[in-house]
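Respectively, the protein sequence lines represent chains A and B.
Going by our numbering, the final residue of the first sequence carries number 488, and the count climbs one at a time with no gaps.
Going by our numbering, the final residue of the second sequence carries number 693, and the count climbs one at a time with no gaps.
It is worth saying that the hints were derived from the structure and are not from the lab.
Don't take each hint at face value.
Short, incomplete list of chain A residues facing chain B, as computed with Cβ under 8 angstroms [unchecked claim]: (1) VAL114; (2) LEU144; (3) LEU209.
Cβ atoms here follow ideal geometry from the backbone N, Cα and C, with glycine treated the same way.
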Amino acid sequence: MDWIQSLRIGAAEELLSTVGIALLVGSAWGQGRRDARAITWVAVLTLVAAAVITAPALWHGVRGAEALAFNGLLSGDAFAAFAKLLIYVAAAASLLVAPAFFEKYRAMRSEYPVLVLFAVLGMGIMVSATNLLTLYVGLELNSLAAYVLAAFLKPDERSAEAGLKYFVLGALASGILLFGMSLTYGFTGTIGFAGISATLTGHASMGALFGLVFVLSGLAFKISAVPFHMWTPDVYEGAPTPVTTFFASAPKVAALALTMRVALEAFGTQAAAWQQIISFVALASIVVGALGAIGQRKLKRLLAYSSINNVGFILVGLASATQQGAAAMLVYLTIYVPMTIGGFVAILMLKDDQGNQLEDMADIAGLSRTRPMLALGLGSIMFSMAGIPFFFGFWGKFVVFQSAVNAGMVWLATLAAMASVIGAYYYLKVLKVMYFDDPANRVTGRSDMVHEWLLASCAVFVSPLGYLVTKGLTALTMTAAGVLFPLA
Amino acid sequence: MIQTLAFYLFATLVVASGAITILARNPVHSVLWLIVAFFNGAGLMVLVGAEFIAMLLVIVYVGAVAVLFLFVVMMLDIDFAELRSGFVKNFPLGFALALVLLTELILGVGAYRAGAMKLGTPDGTAATGLGTSNIEAIGALLYSRYLFLFEASGIILLVAMIGAIVLTHRERKDSRGQNISQQVRRRPQDATRNMSPGVGQGVEL
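Throw the hints in and build the complete structure from the sequences for me.
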């Protein structure tokens, strides 16, 4: 393997790690808040540059042997490129919203953008993984940075609690994942995804199936799918809101893309074995996410349950185990990322006149009369999340259900569609509180310009205007998903 | 023959001490059983001819766990008087454990001398050059084939370090930092004085 070629394929990762280390050194000198802001902007520009480097691989539909780098440890194919672009966008958004939030608590430090960059590096390695070792190294890099970010707001006790909870449960999940990986290695004799799928043909042995179940359980924790979702509401509520924005978007994309790779590439020949598991997890996530959200008073907890719910819908695409299903998942993810970022940015914009953050459902009562534009933006996102037709969120649910129906899983699509009605209830409740309740007049603080722009662009993307991109999006997702199906 | 015997001894003890680690009520005992488990794991590594990994297990894990053990003792609310009162009673058990470890050491070295165990069929990808030691073989793979993962692991450690500092470091107003220019500017004549006090007169400062 040619080193120059490898370095070229891994260019985005090298850029991120180099800039991350350089910014870390730079942050040792700059301690003021202006320096932290400057470092944040440099980090955002780095992400943009990394996206520019990554995009051609998706554009040209790179796949197979020409995408492999570093002795086949890393694959810079179109699928990885697609996931990475989503990750970069999500990470850049959560960097942009951070300074205004942390400065209120005098907690904006330049380590925040550095840690986000390293987390993004880990996620890039995750989605490019071609074997279990790369998978694990990427996952741990991402998780370690995430644990620290969750506890970043030191004056806040809830933040520390979120960090500790996430760390302990995350370590447990890593253990489960490692156990599954070592079983898989033991029973197949290889750590490469291609090798595993070549070995596991026909009737798989009990040990290999155990390995598969444990690996999927570990990954289910990372994507917060039921029954491994318990940490999500607590961590999302306790972590500082910009960090929650990050958690709900970028790592979700990375872990879901990784789950797709593991399920379709490594265990692709054993699809029948994991289809039942994924179907169950998908349905359970949809139902638990919807039911759990109903009683919530805190907006962040509500969005946490909503993200569990959304993961369920995305997994419906995986359950169909077809190229169309994988493409549908990517479409859903592309819509989900702006949706969830918009939701959390809207929460970030809820401030009282002292600039304190408001997080209760009661605070947004009658928001349509006091802050009509904010209410419109949040309303558009809620409509889209509920999957009301002609909002872009509907398209995501539609393609996912379509792939399940085409794969002969009509029952799954039907049950998921029925459960989505439960979910619609609490999204519409937010709208009812904003538009029909008596104004509480609590949201009086000024919001940051960056927040306004981000919310506006997210709201426009998830509005019916989003349908303008469907044609290009379908083509790109089919190219990306095709990578996972070498024979098709 | 001796390898098979040693394998079953080590394997049984790993499983048994692992089980006791989670079953023991006293956390200090748990840590001690964990050390026994690591020790036996190292024995298994010796049996398959991976003596470097065995040494790593003993040095890193047992060494690090011994430190962890200290932390556990410092942080938990343990009544040491009560612990010591059981010393005589527990002495036979402790002695037996020590004896087992010693026997294992001798057996392990004996088995290692008798040649490595053959496990499964090598597929050729993991084969190393003849006559190279463990360390050379690992190094040759680590810095060529798995270089990318090696570097990525380095970044993981860096992130862990940043995390530890971010979470625990705070600006202290009362700490007295070092002012290097002030230190360098200071001359001997400002700081020292030659005195010749007479007997019984004392010194004027």
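Against the structure, the hints:
For VAL114(A), the suggested interface contact is upheld, since its CB lies about 7 angstroms from the closest CB of chain B, less than 8 angstroms. Interface restraint check for LEU144(A): the shortest CB-CB distance to chain B comes to about 5 angstroms, inside 8 angstroms, so the restraint holds. Taking 8 angstroms as the C-beta contact cut-off toward chain B, the hint placing LEU209(A) at the interface is violated, the least distance being around 20 angstroms.
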